[in-house]
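**Q** Protein chains in written order, with our numbering: chain U, 7 to 264; chain X, 0 to 471.
It should be emphasised that the hints constitute simulated quantities derived from the structure, not laboratory data.
Some hints could be false.
[To be verified] Quick partial rundown of chain U residues pointing at chain X, CB under 8 Å, derived from the structure:
#, residue
1, Q40
2, V43
3, A60
4, S154
5, G156
6, Q164
7, V165
8, R166
9, F168
10, D169
11, V201
12, P204
13, H236
14, R243
15, M246
[What the hints assert, rightly or not] Under 10 Å between C-beta atoms, here's a sample of chain X residues computed to sit facing chain U:
#, residue
16, A23
17, V53
18, I328
19, S332
20, H335
21, Q390
Virtual Cβ for every residue (Gly too), placed ideally from N, Cα, C.
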Amino acid sequence: MASSVALFVPCYVDQFFPHVAIAALTVLERLGIQVDVPEGAACCGQPAANAGFAREGHSTIARFVDVYAPYERIIVLSGSCAVHVKQHAGEVAAHGGRTDSAGAGVAERTTEFCSYLHDELGVDWIAGLGATYNGCVAVHIGCHALRSLGLARPSELQVRPFDKVRALLGAVRGLEIAELTRPDECCGFGGTFAVGEPAVSTKMGRDKLRDITTHGAQAVVSTDMSCLMHLDGLARRERMGLPMYHVAEVLAGTAGTR
Amino acid sequence: MTQRSFELPVVGAGPRVDHAAAAAAFNADVARTDWHDASLWFVREKRDRAAGAVPDWEALRDRASAIKEHALTHLDEYLVRFEENATQNGMQVHWARDADEHNRIVHGILSAAGARKLVKSKSMLTEECGLNPYLEARGIEVVDTDLGERIVQLRGEGPSHIVMPAIHLKKEEVGETFHDKLGTPAGLADPNALAGAAREHLRQRFLAADCTLTGINFAIAETGGFVVCTNEGNADLGMALAPIHIASVGIEKIIPRVEDLGVFLRLLARSATGQAVTAYSTHVHGPREGQALHVVLVDNGRTRQLAREEFWRSLKCIRCGACMNTCPIYRRSGGHSYGSTVPGPIGSVLTPGLDLDRYASLPFASTLCGSCTAVCPVKIDLDAQLFRWRQHVVESGKVSLVKRVAIDGSTRVFDRPRLFRVFGALARVGLRLLPAPLARRAAGAWGRTREAPVPPSQSFRSWYRHHRGGQG
Chain U
7 MASSVALFVP CYVDQFFPHV AIAALTVLER LGIQVDVPEG AACCGQPAAN
57 AGFAREGHST IARFVDVYAP YERIIVLSGS CAVHVKQHAG EVAAHGGRTD
107 SAGAGVAERT TEFCSYLHDE LGVDWIAGLG ATYNGCVAVH IGCHALRSLG
157 LARPSELQVR PFDKVRALLG AVRGLEIAEL TRPDECCGFG GTFAVGEPAV
207 STKMGRDKLR DITTHGAQAV VSTDMSCLMH LDGLARRERM GLPMYHVAEV
257 LAGTAGTR
Chain X
0 MTQRSFELPV VGAGPRVDHA AAAAAFNADV ARTDWHDASL WFVREKRDRA
50 AGAVPDWEAL RDRASAIKEH ALTHLDEYLV RFEENATQNG MQVHWARDAD
100 EHNRIVHGIL SAAGARKLVK SKSMLTEECG LNPYLEARGI EVVDTDLGER
150 IVQLRGEGPS HIVMPAIHLK KEEVGETFHD KLGTPAGLAD PNALAGAARE
200 HLRQRFLAAD CTLTGINFAI AETGGFVVCT NEGNADLGMA LAPIHIASVG
250 IEKIIPRVED LGVFLRLLAR SATGQAVTAY STHVHGPREG QALHVVLVDN
300 GRTRQLAREE FWRSLKCIRC GACMNTCPIY RRSGGHSYGS TVPGPIGSVL
350 TPGLDLDRYA SLPFASTLCG SCTAVCPVKI DLDAQLFRWR QHVVESGKVS
400 LVKRVAIDGS TRVFDRPRLF RVFGALARVG LRLLPAPLAR RAAGAWGRTR
450 EAPVPPSQSF RSWYRHHRGG QG
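Go ahead and model the full structure; you've got the sequences and the hints to work with.
**A** Written as structure tokens, this is what we have:
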């Protein structure tokens with residue numbers, strides 16, 4: 007084993023947003039983390055499971071467990087994939103070969119990119135990246151990253167406010183954050199929801215974009231490329247000229263350079 | 000993981016609900032969708048302020064959840080204790096296995112007393128049981144006296160929200176309805192004037208009523224009493240005037256002790272409308288002098304839901320409606336799109352338990368964003384239950400063949416890394432080479448309003464092999 011830290015690049019990021027994965031890898035390497043991106047698990051099984059096909063997706067998450075079991079830390083480049091692994095990797099024994107405890111171990115050791123940076127490396131270390139970004143952005147934390155991983159205080163909960171993504175972005179010189187009216191309203195992607203309920207999905211996305219643009223943001227920064235795939239698809243169709251970046255791109259200094 | 004020995008409910012009557020189609024129709028009027036969304040978001044924000052003003056709100060939610068879980072896991076004891084104590088208080092307690100038995104019991108009470116005129120305060124349970132048409136077919140005049148309920152009753156509609164039944168209507172539409180049905184001047188849309196007209200109209204019905212029917216928010220096992228929470232005082236007026244009072248209640252509304260009320264009354268109105276407390280929280284511990292007081296305890300699928308390991312916690316619901324107000328899908332599709340008495344997230348986990356075939360689309364009317372779970376005053380894990388219902392819908396074959404083939408195919412591809420690379424490359428090249436309109440059509444429901452991602456020349460995996468080599 008070359009390293010004890012592995013990065014998981016979700017299927018759609020691998021295929022459609024390789025620059026985001028490159029940025030994430032770059033950030034981790036610059037921070038002195040030796041990272042493997044092991045081959046053999048293309049997906050965590052979430053798309054199938056959320057569509058009601060958890061049983062069909064079982065072999066996919068079982069494969070994930072097999073591939074990532076050797077690693078001490080598994081960094082997932084997506085909030086919702088990370089949540090899926092954390093909630094369901096412990097159920098893999100049914101598929102033979104590995105035990106539920108192997109799955110539970112993987113679930114326990116799995117984290118998400120921003121959580122890892124914030125909780126395990128700390129904002130001070132992130133500031134050492136010396137990232138700069140000139141402009142005003144809207145921050146969109148995916149719902150699973152927000153409410154299941156606890157990246158920020160969801161507006162429903164009456165607890166002391168915190169926001170790990172903002173804390174990370176606070177280490178980026180020149181970056182301003184626009185205050186939205188409904189900062190944690192869902193963007194409307196929702197996996198197969200986007201095609202199963204296209205009318206509401208589209209409306210939610212358009213409302214989110216309106217909230218973003220009316221508050222002066224000139225770009226969107228998110229924890230999840232899936233939300234951005236949907237929002238960017240809507241924004242480009244409307245020719246809004248609203249670029250969208252993963253947090254990793256901003257920290258790597260590659261946002262706006264493509 | 001989901002239990003595979005799950006017993007599916009019996010297929011019932013009624014057309015299948017197609018939430019996506021109903022939601023698309025609702026969204027055809029963008030301005031109206033915006034207005035509906037804003038009206039409910041206003042209530043959600045009011046709720047946030049009210050909840051934030053209570054120290055230890057989250058501890059209160061924990062407590063409420065624990066009390067409900069305790070009550071539900073000891074329901075057999077508490078129901079019997081309630082019956083004993085309520086009987087001692089002079090109430091007549093009836094047990095109804097299902098909606099039909101409930102309706103027959105209510106009709107039986109009315110017929111025995113020769114009652115012809117019934118005034119109701121808001122009761123989602125009687126909506127669920129279809130009581131109004133049942134009684135009307137038997138010559139009973141039924142008048143809903145909650146203002147919102149009366150509005151939808153006059154229009155021949157069902158409620159679109161469990162707390163705000165007419166939230167889908169604008170005041171101008173209410174004015175038209177009142178002009179048609181109550182003879183108010185044409186064009187009258189002033190809310191105060193309309194409420195005044197309704198008050199006049201309803202006052203006559205209250206005075207003439209032979210019987211009043213109310214719901215119950217909390218039935219207290221320890222005392223055999225119950226509490227009815229309203230804002231309009233209509234339940235109280237009905238109870239004060241009519242010689243017969245029937246209170247219908249779902250068996251999950253039992254709480255063990257009177258002191259538990261302090262937890263629930265603090266949560267209910269704040270979660271529902273952002274009020275500190277409802278205008279009226281009426282405690283009933285026996286009939287008035289000369290009045291007959293009946294309580295009908297209704298199962299109608301609740302014990303079946305209670306027996307489901309994955310879903311029994313849905314019965315903790317205190318019907319505040321907060322999950323509807325916060326749900327980004329409910330706000331943008333309207334309560335009627337769910338085709339169910341209880342709409343929104345809680346409806347989508349309760350109703351499939353009654354008839355999975357009919358309501359198969361409801362668990363999919365969600366992005367699983369989890370806002371409902373975070374807002375719920377009794378901490379029902381709504382998004383997790385929606386996820387689990389999806390598994391049952393698919394398992395029972397109530398999902399289209401196209402979707403089945405697509406998902407099945409995709410897991411096959413995901414399970415074979417080499418195949419995934421080939422398919423990924425084909426998709427990337429396809430997206431790049433296809434003429435835009437064709438690619439759009441290929442992308443189907445995605446492409447009608449959204450561009451597809453701009454395909455990169457190579458995948459991350461391929462980049463990684465070139466730049467990091469090794470095993471990658």
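**Q** Taking 8 Å as the limit, does the beta-carbon of P204 (chain U) come near enough to a beta-carbon in chain X?
**A** Holds, because the Cβ-Cβ distance from P204 (chain U) to chain X comes to roughly 4 Å (cut-off 8 Å).
**Q** Do the numbers back the hint for V165 (chain U), that is, is its least Cβ distance to chain X under 8 Å?
**A** At about 6 Å, which falls below the 8 Å cut-off, the nearest Cβ of chain X leaves the hint on V165 (chain U) intact, so it holds.
**Q** Hold the hint about A23 (chain X) up to the distance rule: shortest CB distance to chain U must be less than 10 Å.
**A** With Cβ-Cβ at 4 Å, under 10 Å, it holds.
**Q** Report holds or violated for the interface hint on G156 (chain U), using the least CB-CB distance to chain X and a cut-off of 8 Å.
**A** Hint on G156 (chain U): violated, closest Cβ of chain X at ~11 Å, above 8 Å.
**Q** Please check whether I328 (chain X) passes as an interface residue: C-beta within 10 Å of a C-beta belonging to chain U.
**A** holds, 5 Å
**Q** Let's test the interface hint: is any C-beta of chain X closer than 8 Å to that of Q40 (chain U)?
**A** violated, 11 Å
**Q** With 8 Å as the cut and Cβ atoms as the points, is H236 (chain U) at the interface with chain X?
**A** holds, 7 Å
**Q** With 8 Å as the cut and Cβ atoms as the points, is R166 (chain U) at the interface with chain X?
**A** At 11 Å from the nearest chain X Cβ, R166 (chain U) fails the 8 Å test, so the hint is violated.
**Q** How about D169 (chain U): closest beta carbon in chain X under 8 Å, or not?
**A** At about 16 Å, which exceeds the 8 Å cut-off, the nearest Cβ of chain X leaves the hint on D169 (chain U) violated.
**Q** Going by Cβ atoms only, is Q390 (chain X) closer than 10 Å to chain U?
**A** holds, 5 Å
**Q** Does A60 (chain U) meet its interface restraint, that is, does its C-beta lie within less than 8 Å of any C-beta in chain X?
**A** holds, 5 Å
**Q** Let's test the interface hint: is any C-beta of chain X closer than 8 Å to that of F168 (chain U)?
**A** Violated: closest Cβ of chain X sits about 14 Å from F168 (chain U), beyond 8 Å.
Figure legend: structure checked against the earlier numbered hints; hints not met, in rising order: 1, 5, 8, 9, 10, 15, 20.
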